[in-house]
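Protein sequence lines, in the order shown, are assigned to chains A and B. If you read the first sequence in the working numbering, its first letter stands for residue 1, the second for the next number, and so on. If you read the second sequence in the working numbering, its first letter stands for residue 1, the second for the next number, and so on.
No false leads were mixed into what you were given.
Listed next, the in silico EDC-like pairs over lysine to aspartate or glutamate satisfying Cα-Cα at most 20 Å (straight line): (1) K56/A x E46/B; (2) K56/A x D70/A; (3) K56/A x E124/A; (4) K56/A x E67/A; (5) K56/A x E131/A; (6) K104/A x D22/B; (7) K56/A x D106/B; (8) K74/B x D22/B.
Bear in mind the hints are in silico, worked out from the structure with no lab data behind them. Note that the structure is a prediction, hence the values are computed from the model and not measured.
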Amino acid sequence: MAVATHDAGHDAHDHGAHDPHATSTGLSNNKLGMWVFLGSECLLFGGLISTYLLYKNRTLTGPSPAELYDIPFTSVTSFILLMSSLTMVLTLSAVQRDDQENAKLWMLATALLGSTFLAAQVYEFTAFVREGMGFTTSISSSAFFTLTGFHGVHVFIGVLMLMSLFVMTVRGRIHSGNAETVEIVGLYWHFVDLVWVIIFTIIYLIP
Amino acid sequence: MSTETLSTDHAGDEDHHDHPSDAQYVKIAIILAVLTAIEVATYWFEDSFNWGPILVLLMVVKGIIVAGYFMHLKFDDKLLTRIFVAGFILACAVYVIALSAFRFWDNSGLRDDYGENVRSTPYVANEAEEIEAAEDHGSDDHGSDEDHGSEEE
Chain A
1 MAVATHDAGH DAHDHGAHDP HATSTGLSNN KLGMWVFLGS ECLLFGGLIS
51 TYLLYKNRTL TGPSPAELYD IPFTSVTSFI LLMSSLTMVL TLSAVQRDDQ
101 ENAKLWMLAT ALLGSTFLAA QVYEFTAFVR EGMGFTTSIS SSAFFTLTGF
151 HGVHVFIGVL MLMSLFVMTV RGRIHSGNAE TVEIVGLYWH FVDLVWVIIF
201 TIIYLIP
Chain B
1 MSTETLSTDH AGDEDHHDHP SDAQYVKIAI ILAVLTAIEV ATYWFEDSFN
51 WGPILVLLMV VKGIIVAGYF MHLKFDDKLL TRIFVAGFIL ACAVYVIALS
101 AFRFWDNSGL RDDYGENVRS TPYVANEAEE IEAAEDHGSD DHGSDEDHGS
151 EEE
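So here's chain B without its partners, still in its complex pose (with noise of 0.2 Å):
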């Protein structure tokens, strides 16, 4: 079985051989593990500084890593380059456009509109039967929110 094969059968592969090494791809991946424990070590200090853009831009270079070595974007003609970012670019303003027609960027839309299904308070288990509990074990100084004369005993 012939270990020799260049690229004699790869239609629009004819730069195969630029292609990295296994051992190239090991450091790439290395690479992209280490962006992503940084990414993630900012779960632990994320009250201590806005790490929003640090993220978006480590996303984004590791985006770039995927797409060009893994995927062989860098290698490949630049047309499969064209036809992918144009298809991302696209995504992004539509969904930007849309995001800013929902008032997303300020947050306007889900308070004006909206507000009264934006829960303020962080979530409790069981919070509705705990509220409910407390009532029925408090005082009867609540009775006047729900005076129905029937109902009183």
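Bound-form chain A, shown alone (with noise of 0.2 Å):
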């Protein structure tokens, strides 16, 4: 079996045997394309973070999010998220086994993770709401409710991807010969929990 490499493609036909689009890259070019896009989102969720960082004190009026911020509640959420990157690895596993239920129920237990998650978002956004944090209460809320914000918005996006490949699933049109497809939903989703371990770390943790 060929080993894949980025050399002019010179492998690109051993490739081939298996993939009907053979690439000069030697990889799948829709593999490719999902890493080229987290890598453009790592500058999305870099601005969004640096903006929070530089306005996170400027409160004329109101409280800033630091002074809301419940860390216990919070850390459960993170871990909830942690929890449902490893029931996505877990349903890759499944379908490249063609494994169909395993790989159901893990599907299911992540979009269930992941909308508990947005579920303890929207609570933690109505509590600082309550408290007198809106969007628009000061500078350093809106900086805050935007970075977290397109966080959710990512999240809900990847609940309905994960919700659209167990209709696939139901339907016998996800097996073992197109996991990837899986493989590149599950992409997408470790990366949004790797950008809430950043977001945790730097926003609520460190002083």
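Hints in hand, dock the two standalone chains.
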């Protein structure tokens, strides 16, 4: 079995025997495309995080985000999202083994954990608003809600992708032959978790 | 239904059989959970030590574990690692430069140009109302600051 290289695609034909789309890199274009996209997402979240770091102390009215954090609560939600990465990778493993039942189980578990995280975020946001920090209360609150809101939207899109995968699996359209589809969704999901690891540390934990 | 499907149809995943097993994934998740617990534990001791560098280090370690094992970068072609790391490094460089332009690292930007916008005391709920109520029920000695003759009783 040829080993993938990225030297001028000399091994493209080896992959062509298994992959109908021979590529010059020897890699799947879909997977490569997802990684390029995730690389660009680093710039998006870098900008949002930097904006919050600049404005986190700028409050004329109302509390700043740091004064309202409930670290124990957010720790639990962080753990939930972390475990969703585990269930996601177990989903891929099950699909690669053609274990349809476990694949569906882990897919649903991942979507459920992601939805739980979203619900917790909504609860946290509403609690902050009740405490006097809304989206337009101050520059720091705007930066905080924009950052965490964008992340939440990414999680929501990930949940939608997972539910689509689940429906496809139920219809028998996901199997070991096209496990790469699950892998690509998994890459997105793990990246969303990775971003939260960074947000939780920089925004919530570091004083 | 075949349960022995190996890496015959994985473009770019020829070494799929080298990927961690489910048990290994669970162990990795446990390690991540322990690291998260350590990070959270610093919250209860934040006044005793500057945990910033350690928290950043733990964050980086967790990120490497997630990217390497869960995202399979460790087992995939190095080109994918280079693409992702390039984007990550580019983002870090751009925003470190941007933060430096705003004099973020010594906070001088906030003090010199926007000092009046930074509140120096912790937020107190209904602070404004409390101050006003205290002034209303206190003495009348503050009247000289707002001495409008037509409004005096």
